[in-house]
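J.: Put together the whole structure using the sequences plus the hints.
Protein chains in written order, with the working numbering: chain A, 1 to 478; chain B, 1 to 854.
Quick caveat, the hints were computed from the structure, so don't treat them as lab data.
For each residue, glycine too, the CB sits at the ideal point set by N, CA and C.
Please note: incorrect hints may appear among the correct ones.
[Claimed, not checked] Listed below are several chain A residues computed to face chain B (Cβ distance under 10 Å; list not exhaustive):
#	residue
1	H47
2	G81
3	A83
4	P140
5	A194
6	T203
7	H458
[What the hints assert, rightly or not] Simulated restraints, written as ranges between beta carbons of each label pair:
#	chain 1	residue 1	chain 2	residue 2	range
8	B	E436	A	R94	32 to 38 Å
9	A	D450	B	L465	53 to 59 Å
10	A	R86	B	R80	52 to 58 Å
11	B	P120	A	K453	36 to 42 Å
12	B	H720	A	T285	47 to 53 Å
13	A	D450	B	A173	53 to 59 Å
14	A	T285	B	V686	55 to 61 Å
15	A	T452	B	L465	51 to 57 Å
16	B	I121	A	T452	26 to 32 Å
17	B	N439	A	A78	43 to 49 Å
Spelled out from the first residue to the last, the chains are:
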Amino acid sequence: MLTRRQLLKTTSVGFGYLAFAALAHEQAAGAAAEVGANNPLAPKTSHFPAKAKRVLFLCMDGGPSHVDTFDYKPKLQADDGKAVPRGPGRFGGRLLASPFKFAQHGQSGLYISELFPELARHADELCLLNGMYCDLPNHPQAFIQMHCGIFQFPRPSMGAWIVYGLGTENQNLPGFITISPSGGNGGPVNYGSAFLPAVYQGTRIGRGGFGGGIGAAGQQVANLRNPKQTAQQQRIELDFLQSLNHNALAEGGDNPGIEGLISSYELAFRMQAEMPKLMDLSKETTATQRLYGIDSGRGGGGLGGGGFGPARGGAFGQQLLLARRFLEAGVRFVEVTLGGWDHHRALKDSLTTSCAAIDKPIAGLLTDLQQRGLLKDTLVIWGGEFGRTPTGQGDGRDHNSRGYTMWMAGGGVKGGLRYGRTDDYGFEAVDGRMHVHDWHATILHLLGLDHTKLTYRHAGRDMRLTDVKGHVVTDIIA
Amino acid sequence: MTRLVLVAATSAIVWMGTSSLRAQPPRVSTFIEQPTQEHIAFFEKKIRPVLIEHCYQCHSAEADKIKGGLVLDTREGIRRGGDSGPIIQPGNPERSKLILSLRSKNPDTAMPPKGKLPDPIIADFETWVKMGAPDPRDGKAAKLPPKYEIDLVKGREFWAFQPPVRPPVPPTAKAGTHPIDAFLITELDKHGLTRAPQADKRTLIRRVYLDLIGLPPSPEAVEAFVADPDPNAFAKVVDQLLNSPHFGERWGRHWLDLARYAESSGKTVNMNYPHAWRYRDYVINAFNTDKPYDQFIKEQLAGDLMGGSDPKVRAERMIATGFLALGAKTLNEQNGLQFELDIADEQIDVTFQAFLGLTAACARCHDHKFDPIPQKDYYALAGIFRSTETCYGTIRFIQSNRPSPILTLPKDCGLPPGTPEKLTPEERARIEKQIEDLNKQIAEQTDFIRTLFPRGQVSLLRARLEAFDAEGNPKLLAMGVRDKPTPKGGGVGGLPRGPGGLGGGGFGGRAGTFTIADSPIYERGEPDKPSATRVPRGTLQVLTKAPLKITPGQSGRLDLANWIASKDNPLTARVMVNRVWLHLFGRGLVPTPDNFGAAGQPPSHPELLDYLAVQFMDNGWSVKQLIKSIVLTDAYQLDSKNHKPNYDIDPDNVYVWRMAPRRLDAEALRDCMLAVSGQLNPQPPVGSVVARAGEGPVNAFGRPGGANITQAINDPRNVHRSVYLPIIRDNLPEALALFDAPDPSLIAADRPTTTVPAQGLFLLNNPFVIRAAEAAAEKLLKTTTTDTERIRQAYLAFYGRPPNQKELQNAQKFLKAYQEQLAKDRVPVVRRERETWSAFTQALFASAEFQYRK
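T.: Structure follows, in structure tokens:
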């Protein structure tokens with residue numbers, strides 16, 4: 001473990017210009033090691049051999065209903081309309097049967113609802129976590145807990161911890177990218193680095209929420225383009241700037257800070273060139289685009305995160321394709337947020353819309369990852385901050401943090417597995433219970449990180465993503 | 001934490017499952033002392049083998065380490081229970097932790113840890129408990145290893161808890177050596193280090209300008225200093241800077257880092273704090289007027305209790321207590337008591353970290369792991385802060401349901417309102433009408449969910465009305481604290497009293513307290529686990545010889561403040577002089593400025609630290625005098641160049657063999673760009689954009705009137721100093737966040753310096769930087785005529801020195817190359833000169849020499 005001071009001290013040492021100059025002529029991914037072990041983003045050895053090398057988190061902001069999607073409850077169907085006595089987490093009301101049919105899919109025979117006809121074809125890749133639970137049925141707290149482990153204090157988000165623990169493969173790109181994150185529910189807290197150095201925080205592309213539903217084409221990283229200069233003009237300016245910096249370096253004797261500054265400018269300059277190329281989806285074949293539903297009109301959906309309403313027109317498929325391109329290029333942790341899952345009202349219509357927006361794109365993503373041989377070491381995670389009540393709230397469902405479903409695929413998890421169980425109606429996780437802390441511990445484990453050893457000293461304590469809790473659920477690991 | 005301890009917390013879940021009962025033995029309520037033959041047979045057959053197989057490994061005399069203080073291998077042991085109390089309530093399995101742990105599905109609490117036992121075995125244990133837990137085993141239970149207990153007597157011996165004593169100044173070879181230099185030279189000699197030479201005058205004046213006021217010296221000021229032969233020339237500059245209003249803007253900002261200053265609540269629902277800016281201005285003013293530091297402490301903790309006949313003084317003291325009210329808050333917390341405990345915790349944390357460099361808040365859930373701070377001491381402090389009402393404002397809105405009152409300043413205090421606006425009678429009428437319409441809409445709506453939005457609108461509109469007095473003038477309001485009332489009838493007080501009432505508690509769920517009262521200890525900090533007795537209000541025992549005397553009828557904040565701001569407190573002065581040293585040298589004498597406890601690091605120069613601390617107190621706690629005495633040393637005026645032999649011995653410059661070069665902090669970097677480009681508006685703005693926006697969520701849509709905060713945060717046209725930028729939690733201005741400004745939800749004693757490509761992108765492409773470069777180019781073009789003269793002027797303005805011949809040529813080469821590129825890119829001739837010089841000045845802004853202070 002590095003202390004903050006050690007880490008900061010080494011942040012730029014040895015990140016020298018010569019090493020960089022060599023790098024400029026290499027494939028960035030392969031040359032990462034040459035940047036120097038003291039680069040805080042250089043790839044690091046995991047605690048033990050990893051199953052997964054990178055993570056894609058499909059964050060369903062709002063809390064998708066589990067009993068209508070991946071947690072089949074025949075008794076709920078049978079007891080539609082029955083009153084339920086009050087109890088912990090049960091606020092009375094009547095059971096609301098799912099308006100959607102479930103069927104078994106794949107060799108594994110996993111039950112998946114008719115909302116996911118395309119994704120159901122990948123049943124044997126999915127590891128359904130039916131016994132998820134978290135601390136509070138409140139959007140902001142649960143959303144922050146899902147990202148940062150605890151919501152009571154500012155804490156780094158999961159992506160920041162992972163990049164802190166593992167570094168990243170491509171030094172021309174950020175290690176943690178979040179696409180159209182929610183502006184609400186703590187907003188940037190959910191991709192922040194809190195007390196970890198800022199270099200680990202998520203780089204935002206686009207913004208979710210009201211008026212933020214922009215397609216991949218319009219989504220940019222801040223300050224990536226100079227509004228006035230051409231690249232050639234800027235290069236001349238940069239060469240002059242670097243000559244000033246070399247002069248300062250020579251004048252002051254070795255100054256690791258200035259060395260770091262010099263290389264960071266080159267990285268910045270190349271990121272400007274690299275990012276737009278990477279974000280240019282037109283480089284993908286029509287077949288691939290179609291896979292993600294981009295040309296079929298079914299890859300839409302994607303108001304982005306944080307909205308109240310159902311998903312409407314947008315580019316979830318484009319965002320997933322973008323995510324795949326980032327992962328392929330060596331980004332360690334990518335998150336794509338889609339809002340609009342808070343279905344208090346008109347469950348049947350709104351959930352249909354939301355699921356239709358993601359079904360084909362996610363299925364396409366899994367196929368694409370598989371075809372490229374990336375699925376085996378890419379951990380894909382799907383889910384929201386909680387699930388919803390089996391009882392109705394009018395024609396919708398209320399929040400439920402006591403039992404819900406998330407799923408994983410690839411990255412060393414068992415496919416075609418249903419792990420954990422809620423009670424007969426889906427109120428509460430009863431078997432294979434998996435708290436968010438356990439979920440985090442397991443994700444870190446799949447990446448080769450021991451959640452009790454991934455620590456950072458802050459305010460006199462060795463802090464962890466899982467605080468003092470968390471158990472690795474080894475049963476789901478292939 | 002033991003596993004058993006947690007069982008109770010989850011018992012509500014376990015409660016729901018009922019065990020299948022086979023035999024129904026007679027219910028008992030005491031332990032069976034005379035077991036029958038059947039009892040013995042049942043125990044030997046069903047219980048003892050299970051205990052041996054599954055429990056003894058951790059819970060018996062043979063265990064390597066007895067877990068949870070619990071042994072199960074004797075009758076005495078099983079009946080005594082563990083660290084968290086008895087585990088069997090005879091006759092009642094539902095209340096026996098033994099049974100609840102066996103049933104638990106929570107991996108943190110379940111026993112045995114390796115996996116749940118089969119249901120029939122658990123049923124046997126239930127039966128046995130119902131019988132009265134007959135146990136034929138005799139013998140003494142194993143002695144438990146002595147529990148770790150905090151030793152206060154030994155704890156007081158720790159260096160930081162001993163009062164500082166003025167040490168003798170070590171003798172030096174050179175007569176007239178500054179005492180501070182004498183201490184430093186002694187250590188340098190000891191470590192075989194040689195001191196760097198003195199910095200040249202140009203470097204020195206730029207250094208002291210940046211350190212003291214955070215702005216660069218003008219070329220004229222540099223030349224005047226260089227030309228001044230007076231041996232006191234530097235002292236004159238220092239005095240001038242200490243008297244500049246910009247001094248407070250820089251040093252106040254250092255304090256605001258510690259005070260986790262922000263203008264919104266952060267966390268789950270980010271609501272505006274429209275009056276926070278008053279605290280910001282109070283801090284800046286306190287540094288500018290050199291308010292004695294002890295006074296500064298007292299005002300922030302208990303200004304409301306200090307009185308004062310002058311309304312302006314009273315108002316300032318109220319504003320000062322904003323220190324306690326500004327913290328991040330979970331405004332959608334359902335549980336009122338939890339909310340109250342969290343606020344008190346945050347206040348303890350900031351008070352002890354900022355003034356004393358201690359992490360006292362660690363003792364909320366358990367005794368401090370490193371420092372001699374028992375949990376009891378924490379709740380002695382919590383009693384003080386729970387007896388305090390925190391007035392932070394905010395309004396009810398979607399998810400935001402914990403508004404509090406706000407302080408009204410004395411009418412004749414002479415302070416400006418936060419907004420120049422007035423509320424016209426027409427607008428008042430219009431808003432009142434809007435509220436009426438919305439209320440009608442709400443009344444007609446049967447679906448609660450659909451009332452949320454209009455309710456929020458009503459809240460916003462009401463808040464707008466309430467921000468003005470009857471004449472339509474903006475009210476003078478402030479964040480801060482005040483004591484809760486004394487309990488009626490002189491009882492212990494503080495018992496929850498239905499919903500409503502004072503802020504800090506009372507809305508929904510369990511309420512907080514409403515009067516001055518001592519606090520119980522909460523087991524593991526959990527609000528539903530109060531101890532039966534309360535801890536008298538007070539402070540840390542390790543730092544006191546006798547308990548703190550609490551003034552009757554008061555919360556105790558003033559007593560706490562007086563104790564902190566006292567010469568007898570071993571930490572207060574040391575912690576502050578260390579902060580000043582850190583800001584001037586880039587490294588504290590204690591390298592962990594936020595932790596003077598056992599988990600921190602000891603001082604590199606203990607005598608110097610004590611010398612400075614005693615000197616600071618003897619000089620009436622004057623921060624300006626402290627700074628002046630340090631910057632006038634030779635040590636502060638050393639050159640910053642690297643020196644290999646020294647570097648090999650002391651790479652971190654612990655012993656100050658040179659002045660460590662440092663990158664400008666975010667505010668200084670931005671301010672220097674504004675200053676050099678001639679755009680800076682040196683006047684402080686009145687209020688803040690958050691004040692003009694008023695109460696409500698940071699991202700309010702449909703806000704009535706007011707300013708758009710989100711737009712203002714990164715407005716490239718803002719030319720005020722950075723300390724006045726809007727500080728919204730989780731949405732810091734880019735110019736600050738990118739260059740390591742701290743997260744304002746955290747208490748920050750020291751900022752890191754990271755160098756990342758995102759900073760490069762900002763300096764190369766951001767509109768603010770481009771504007772500054774254009775303005776700087778414009779200035780050069782206006783004031784000078786030849787390229788050589790322009791380059792020279794630029795070097796003087798940006799770096800405080802003229803260019804040498806090589807640099808001049810290099811710059812000319814660039815100008816030519818850039819011009820040619822523009823021609824190639826067919827940029828119209830009229831634009832070329834301006835664009836070339838903009839690129840030139842932008843490169844200078846982005847250069848290391850500009851970003852670093854040597």
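J.: Does each hint hold? Answer for all of them.
T.: Quick rundown of the hints versus the structure:
{"no.": "1", "hint": "H47", "in the structure": "violated (21 Å)"}
{"no.": "2", "hint": "G81", "in the structure": "violated (20 Å)"}
{"no.": "3", "hint": "A83", "in the structure": "violated (18 Å)"}
{"no.": "4", "hint": "P140", "in the structure": "holds (3 Å)"}
{"no.": "5", "hint": "A194", "in the structure": "holds (6 Å)"}
{"no.": "6", "hint": "T203", "in the structure": "holds (7 Å)"}
{"no.": "7", "hint": "H458", "in the structure": "holds (9 Å)"}
{"no.": "8", "hint": "E436(B) x R94(A): 32 to 38 Å", "in the structure": "holds (37 Å)"}
{"no.": "9", "hint": "D450(A) x L465(B): 53 to 59 Å", "in the structure": "holds (57 Å)"}
{"no.": "10", "hint": "R86(A) x R80(B): 52 to 58 Å", "in the structure": "violated (39 Å)"}
{"no.": "11", "hint": "P120(B) x K453(A): 36 to 42 Å", "in the structure": "holds (39 Å)"}
{"no.": "12", "hint": "H720(B) x T285(A): 47 to 53 Å", "in the structure": "holds (52 Å)"}
{"no.": "13", "hint": "D450(A) x A173(B): 53 to 59 Å", "in the structure": "holds (55 Å)"}
{"no.": "14", "hint": "T285(A) x V686(B): 55 to 61 Å", "in the structure": "holds (59 Å)"}
{"no.": "15", "hint": "T452(A) x L465(B): 51 to 57 Å", "in the structure": "holds (54 Å)"}
{"no.": "16", "hint": "I121(B) x T452(A): 26 to 32 Å", "in the structure": "holds (31 Å)"}
{"no.": "17", "hint": "N439(B) x A78(A): 43 to 49 Å", "in the structure": "holds (44 Å)"}
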